[in-house]
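Residue numbers (the working numbering), protein chains in the order written: chain A, 1 to 555; chain B, 1 to 555.
Misleading hints may appear alongside valid ones.
For identical chains, the list gives no copy identity; a pair is met inside one copy or between any two copies.
[Claimed, not checked] For lysine-lysine, the following DSSO-like pairs were computed, each having C-alpha atoms within a straight-line distance of at most 27 Å:
| hint | residue 1 | residue 2 |
| --- | --- | --- |
| 1 | 536 | 230 |
| 2 | 84 | 536 |
| 3 | 498 | 342 |
| 4 | 498 | 467 |
| 5 | 231 | 536 |
| 6 | 342 | 55 |
| 7 | 321 | 397 |
| 8 | 542 | 231 |
| 9 | 12 | 497 |
| 10 | 37 | 24 |
| 11 | 411 | 397 |
| 12 | 55 | 536 |
| 13 | 88 | 542 |
| 14 | 12 | 498 |
| 15 | 536 | 221 |
| 16 | 321 | 88 |
| 17 | 411 | 87 |
| 18 | 468 | 51 |
No lab work stands behind these hints, which were simulated from the structure alone.
Number of protein chains: 2
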Amino acid sequence: MAHLTDQEIASKASIQPIQEIAEKAGIPEDALEMYGKYKAKVDINQLEGNKEDSKIVLVSAMNPTPAGEGKSTVTVGLSDAFNKIGKKVMVALREPSLGPVMGVKGGATGGGHAQVLPMEEINLHFNGDLHAITAANNALSAFIDNHIHQGNALNVDPRRVTWKRVIDMNDRALRQVVVGLGGPTRGVPREDGFDITVASEIMAVLCLSNDIIDLKEKLAKIVFGYTYDKKPVTVGELEVEGALALLLKEAIKPNLVQTMEGTPALIHGGPFANIAHGCNSIIATNTARQLADIVVTECGFGSDLGGEKFMDIKARMGGFKPDAIVLVATIRALKMNGGVAKADLGEANVDALKEGVVNLGKHIENARKFGVEPVIALNDFVTDTDEERNFVLGWCKEQGVRVALTQVWEKGGEGGVDLANEVLAAVEAGNDFHHLYEDELPIADKIEKIVTEVYGGDGVILTDKAKKQIADIEANGWGNFPVCMAKTQYSLSDDPKKLGRPTGFNVTVREVIAKAGAGFVVALTGDIMTMPGLPKVPSAVKMDVNADGSSTGLF
Amino acid sequence: MAHLTDQEIASKASIQPIQEIAEKAGIPEDALEMYGKYKAKVDINQLEGNKEDSKIVLVSAMNPTPAGEGKSTVTVGLSDAFNKIGKKVMVALREPSLGPVMGVKGGATGGGHAQVLPMEEINLHFNGDLHAITAANNALSAFIDNHIHQGNALNVDPRRVTWKRVIDMNDRALRQVVVGLGGPTRGVPREDGFDITVASEIMAVLCLSNDIIDLKEKLAKIVFGYTYDKKPVTVGELEVEGALALLLKEAIKPNLVQTMEGTPALIHGGPFANIAHGCNSIIATNTARQLADIVVTECGFGSDLGGEKFMDIKARMGGFKPDAIVLVATIRALKMNGGVAKADLGEANVDALKEGVVNLGKHIENARKFGVEPVIALNDFVTDTDEERNFVLGWCKEQGVRVALTQVWEKGGEGGVDLANEVLAAVEAGNDFHHLYEDELPIADKIEKIVTEVYGGDGVILTDKAKKQIADIEANGWGNFPVCMAKTQYSLSDDPKKLGRPTGFNVTVREVIAKAGAGFVVALTGDIMTMPGLPKVPSAVKMDVNADGSSTGLF
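Bound-form chain A, shown alone (with noise of 0.2 Å):
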């Protein structure tokens, strides 16, 4: 097995009829629309049940290294060892952008023997989701041109455009641009750039919806640009939200597919963690309470990021609450952040462990600031060494705190089970979870709060822009949103070099962006890019397909 890729193991998985897993999860056939053999989209209409007694278990992490720490995997994983202990459970993931996909080795279906499948269909296209978004979003920009170029009605500044086209690659020579160019046929000439479509705020809005009149509603709201006398410019007021929701009509119900033990498992949705929310779909996550006992689910990056917008906007607009937090660590991630090398990860050393583990430690605080106590899981890798585990498990124990040895990658459910029963007891004993800030904490305050408490900063030093650009958000009406923090997943702070538990730093906010579609505001710190690069040989050198259809290289 040693040398098997994911993809090898995928591969050799058997794989169940998608029906079959629909019957398991309590979907009647007529909620049932079938992608291919495996793959299905849920029509929520369909659905009865009542999602107010299903638990959800929120899986996040502590800062993690490039590689990062098997978040997916656990969240399989653990989904799996609830399935072989006998409960009822669904998984809710988010969906992998293509990009990365062709850019950088690493899917987002897990890895090892706690994957989803079919991982290839996944990885590629997944039920056109992504690609619907992407048509919604670049419909808009050329609504929006096309708009100034036949006579501007309503007086849109092409300088004051905010609307960026996107498209769902990693592709740095789109991130700053000049359309329009070419004379009076080819529209009016203004600068514009590429996102990558896991940062559009049509991604945003689709996962924060609860239906799809909700999501016509927030579609409307969005904030294109602004006019020559700096009023902000919406969707409703080109009168094309209809269009848009009817581009999403398909992309916006949940895709059922399966874990390889054939644990029922929802794909919806997937923001980018640094600069949007990182979290599956609400639609997603209320599907699965609908038809689940336990919703095991992830957000992205660390407590810090996915897991603070997960309790301060998702949980908030979703009207529900993590019943369990499970911070994934590795032994790598804890010595890098006690100061090793990435190329000396696989040795041994405990006084790094020693040094790192307070990165752990500012998570589990984080947990607590939610009112919420979290169970750690020490994800197990082929490099850790029993005196390094024994040092992370013990350490734990001094804190009080939960914790369990994970080996999913290696064994499947089997390896997450000491895991979900630790799980079972942290939901037994309950929570007092409570969001970070109250809606009404103006905008300076909710960034101050989240610095302060969950970044562990002295404070946030405000440029001039973001000064002027929050007293517009709050004369525009949106001073009660939620602040969606655009920050680096390596560190705490705003500096991916400061590692372990950094003290003594002020976050600089160099913008603040409404997002008014969404519904909530966007603070960028430090250098965070809406657009990727690809590496100087891509992953896509390596892929090929083969007469029956079948791939290799993928990962």
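For this one, chain A is given, so just place chain B on it according to the hints.
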């Protein structure tokens, strides 16, 4: 019925589960990959059957009015008529592009009682094919710009990258852009532009491939630009043909749907007919041949455009021939070709008909140039008078050409039975099909032959640029490619204002571009646009979606 839209008629039609249509078509369950309840993809590796005994009926047309002559409607209605008289028939159509759907009223799914279903899903995102082509096209763009950015080992001249990005939207502001702005982390600045997806060479490649291995080989041959010393650079040299083929592995499978009368329909591939070859895929046509005794298929615009390209490009590469050619004519289009203004086409005018019928005469002659006796389908409109109908029917008889009045919009298959019987007689009579030119004819002579014999022109004027391009093309070993003419659909000439049967004209070819992947050479005449624009009020403004996912305003 008078005031129902096509969408309303479609929504009242009964639709069968796609499994039933597949069973009727002889597609085994294993070969069927469902996309919802009413659409499927067909895995051609699972099919049996001999395609050699099947008959191909090609539906072409005279030069159209801007509203079109109902060619798709007649194609669908004719297949329903064959179905009605007990023939084992399939219809093979092109896929719609989202751009025109969002821009100008008019889908590609037929109309009235001769439509394919489900029309909404076919007009929006249809099984993801165009999105996959967009993704593959733009992945290649990203790989190219990344290659240049990361050291440019292939010595690609950024000024000579001929590969453009694409988007499936009417978006004039993207016709001419500059990418790579913003400094060294944002790529190498260069001029670029976006075409509409249906103009992508990848669309042509997909439509002209026989299977996925053929597709991959054709992708590898695509020339995306030239080196500083003007040597062509291919996708194969970038080593990404495997990744691009992988992105297309589902899109290459033909899509099964149904007509309103339950005739099995394959809708697959949709290259532009004015700048590309304008026919559905060879794979879909061959799949239909394997399954049915009669395959009804259309090609874009008139016999001068899609018709000529079907016979000289698609039939040549697919290794088949048309057993009958139907030419769709309308009294409105004949009157327009007789000089009547668009606003007056609803008024009876036999004198204008007499003037305009020469246009149809030339299209009849064109079919005969390929050795095939055509059948005229006079597609009935509510404004037509008996006197007008009788004139056209009588004129056709004088020409010794088969003709039938068709009323498929109003009556479905029943309204096409006369046409079906005429077509059967034509098939029975056999033909002497041959291409217009042989592979070995030099490029300039191929163009000359198309212009003089099919368009009725005196000759060809090649610009100096075109002459040099032809010399380069022949030097690169592409001289034996067929020619794909890019020309206005409104006239037999290159001037859209020259209606009827123009004579005494020359056609100016301003550029000649090799599409080494698709395996043809495009000769550009006139002002053919590869990216349409939106009208002042896009049809998107009328569209809406309801809580149950149903929609309005689509057509």
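Here is what the structure says about each hint:
Taking identical chains as interchangeable, the C-alpha atoms of residue 536 and residue 230 lie at most 27 Å apart only when they sit on different chains, with a minimum of 24 Å there against 42 Å within one chain. When the C-alpha separation of residue 84 and residue 536 is checked against a cutoff of 27 Å, the pair qualifies neither within a copy, at 43 Å, nor between copies, at 59 Å. Taking identical chains as interchangeable, the C-alpha atoms of residue 498 and residue 342 lie at most 27 Å apart only when both belong to the same chain, with a minimum of 15 Å there against 71 Å between chains. In the homo-oligomer, the alpha carbons of residue 498 and residue 467 lie at most 27 Å apart inside one protomer (26 Å), although the nearest pairing across protomers, at 62 Å, exceeds that limit.
For a Cα distance limit of 27 Å, the shortest separation of residue 231 from residue 536 across copies, 23 Å, qualifies, whereas the shortest one inside one copy, 43 Å, does not. With identical chains, the CA atoms of residue 342 and residue 55 are never at most 27 Å apart, being 37 Å at best within one copy and 65 Å at best between copies. In the homo-oligomer, the alpha carbons of residue 321 and residue 397 lie at most 27 Å apart inside one protomer (26 Å), although the nearest pairing across protomers, at 78 Å, exceeds that limit. Taking CA atoms no more than 27 Å apart as the test, residue 542 paired with residue 231 passes between copies only; the shortest distance there is 26 Å, against 50 Å inside one copy.
Proximity of residue 12 and residue 497 under a CA criterion of 27 Å is satisfied in neither setting, with 40 Å inside one chain copy and 63 Å between copies. Proximity of residue 37 to residue 24 under the C-alpha cut-off of 27 Å is found in both arrangements, the shortest distances being 16 Å within a copy and 20 Å between copies. Taking CA atoms no more than 27 Å apart as the test, residue 411 paired with residue 397 passes inside one copy only; the shortest distance there is 25 Å, against 78 Å between copies. In this assembly of identical chains, residue 55 and residue 536 lie within 27 Å of each other by CA distance neither inside one copy nor across copies; the values are 44 Å within and 51 Å between.
Proximity of residue 88 to residue 542 under the C-alpha cut-off of 27 Å is found in neither arrangement, the shortest distances being 39 Å within a copy and 44 Å between copies. In this homomeric assembly, residue 12 and residue 498 never come within 27 Å of each other (Cα to Cα): the closest approach is 42 Å inside a single copy and 64 Å across copies. For the homomeric pair residue 536 and residue 221, the shortest alpha-carbon distance between copies (22 Å) is at most 27 Å, but the shortest distance inside one copy (40 Å) is not. When the C-alpha separation of residue 321 and residue 88 is checked against a cutoff of 27 Å, the pair qualifies only within one copy, where the shortest distance is 19 Å, while the shortest distance between copies is 58 Å.
In this homomeric assembly, residue 411 and residue 87 come within 27 Å of each other (Cα to Cα) only inside a single copy, at 19 Å, whereas the closest approach across copies is 57 Å. In this assembly of identical chains, residue 468 and residue 51 lie within 27 Å of each other by CA distance neither inside one copy nor across copies; the values are 42 Å within and 70 Å between.
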